[in-house]
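J.: Residue-level listing of the chains:
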Amino acid sequence: MTWDYFVALSDNPGEQETLARPEGLSGGFVDEVSVRFFQGDKESARRRYMEGANGDIRLPEIISENAPDFSSLPSSTWVALQVDFELLTPWYSKDDRVFHLLDNPVCKDRVFGVPFMAASSWKGMLRWAFRMCTKKLVGPEQETDEGKLKQAKAWEWHLFGNEKGEGEEFSRGALVFYPTWFNKIGFEVINPHSRERRAGTQPIYYEVVPPGAQGTLSLLYAPWPGMKPAVKAEEVLPKLFEAVEALLTTYGISAKRTVGWGTAKILKWRAFHKTEGTVEKDNRADLEREVQAWLSAGGTP
Amino acid sequence: MEPKEWKLKALTDIWTGDRERKGDRLTPTGLMGSLRWWFEVLVRGLGGKACDPTAENVRCPGDNKKPHEGGHHCVVCELFGCTGWARKFRLMVLDDKGQVIQNQIRAGQTFVLRFIPLRPIAPEEWCLLDATLRLIADYGAIGGKTVFKPSDEPGRENVLHHKDFGLVTIEQRPEGVGCSRAIAEYVRDARWRKNFSDSAFSWASLQNFWCVKGRYLARQDTDTSSFNFVIGRPEPKNQSSQGDSWLAGRRPNRQLGIEPESKKVFSFKEPPRTFGFVQDEEEFSQIVEKLRILRDGDGNGRQPDPAWASFDPDREFLKGRQIIKQLFQ
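Chains as they are written, first to last, in this note's numbering: chain A, 1 to 301; chain U, 302 to 630.
One chain only, chain A, in its complex shape (with noise of 0.2 Å):
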């Protein structure tokens, strides 16, 4: 019996054709189009590519089986935070793939072939709504007063760590991000037009996630005992929340969102605690009372 996937298919070319999305979308299937499209039959090859990809996906069950569970968190001091999202606009991120006949290929997970959004793109788009929305460390009004600028700095480094080259020593955030999976593939065009000419000149493809695929943002707040700098639970969470729904609903979670993609609507709010237990709400004012409450009843760090 082969064990390795790429091996199994090297040993079998014929199943390169004939392996059922997603797994398909993972090697074999791309593999072959993609080398009959740097072959020079790239129409037939890129139409028979859309056609194979676009669509839904089941994701495997080693995926679902695996989804973060928080009911049953050790700690008392942890709050972790479920946020269902539907996309309204496309989602795009770029496929670390070298060898593929789209030059914009969708992000997608190396050995299911699922797309999905990275925990790190997660943490890093997260950490800049943060800053957007948390007394304005970045973006067009920035904050001048150092008290609170010193004050919103120790907030971020609190969930998210410090970046490289800040602060003396490397510490970590309290926050723990996962992947999100997303269950259908769709394309998009863009077509530039030459100035001279009024026209289009080539168009481009994106591989991206159509609106209407729903997934879910997955977070961890598991800060540890005397951990620097040291911030209250209740003030820095409602901050986070906040950042959550500017991000998904107003900045926008994919590459190319300055365009409009990557815009959501939030399905449902979740949080989970130790001994509180579970609550899910339509909207994040609910969602915040309750967890205030939580942490005004003794749950802090």
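Heads up, a few of these hints could be off.
Unchecked claim - Partial selection, computed: residues in chain U whose CB lies under 8 Å from chain A:
(1) Arg320
(2) Thr330
(3) Pro354
(4) Arg388
(5) Gln403
(6) Pro418
(7) Ile422
Hints listed in this document are in silico derivations from the structure and should not be mistaken for laboratory results.
Treat the numbers as computed from the prediction; the structure is a model and nothing was measured.
Yeah, the Cβ is synthetic: ideal placement off N, Cα and C, and Gly gets one too.
Using the hints provided, position chain U relative to the given structure of chain A.
T.: Leaving out everything else, chain U in the frame of chain A:
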């Protein structure tokens, strides 16, 4: 810096095609491209230089410059972005209830263009953006398929390629986007990149623009087309492959290496509007002369076009420089 919103009403459907070349969905990239194109037209009209992002050696950034150094990018890329310099805003297209619009914007629909600043946007940039939107609403059109030409030929009026697309009107503008008289100085500032040749596309300037509001060009019958008359193509039907030119546009012929080129005259029937571009001052006169013939006939058998009856060139034919005055007065 709060988001700024322009509330617009579509007077016709707006076309932004998807990869299937269908227009059922709203594709915001199409609106963004159109906005940028008209922004460039305005900047060139004010005497600034705007790059062609699709052409090698002409697109920004310039060579060997850091993003914050002068000469890295042109005044348009300053706001809309280029390699190494991100767009300063995020565009959202919303309905009048604040929800993201996903389907095609239809005639009569109100929609909001929300510009969310991501970095500081100068007052001059807001001013230019506002002027761009007023230029589109009052004199131009937005989105794709604005090159379609209307038809008065019986039974043909509602065929897709005779439909009007892209006309809008502004219902509400944000506060604080007024322009100062120094806007021309801003677009000509020494800090913007200028070391590229724009001779190939310098026609796309408000200085070369003309507009007649309330009148349209169309085909009248199988032998008569005021639109073809103006752009210099044969008027009878089934001769459309003849008469390609800069003004009339060119059909692509890959075997001969001919790339497609848009026509430079645009006309809409409901509501009526005609606008276009010329290459030099002399061509303005040639266009006006043709429009006069549409009004009066030419005495050689060409009958007057009723759509141009009582056309008064002095009052109705607006040149770009007059429009600049109106935009910035």
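J.: With reference to the structure, classify each hint as holding or not holding.
T.: Checked hints:
1. Arg320: holds, 4 Å
2. Thr330: holds, 5 Å
3. Pro354: It holds, given that the least Cβ distance between proline 354 of chain U and chain A is near 7 Å, below 8 Å.
4. Arg388: OK, holds: arginine 388 of chain U within 8 Å of chain A, min 4 Å.
5. Gln403: Cβ of glutamine 403 of chain U sits 6 Å from chain A, so the hint holds.
6. Pro418: This interface hint holds because 4 Å falls under the 8 Å limit.
7. Ile422: holds, 6 Å
Against the hints set out earlier in the document, no violation occurs for any number.
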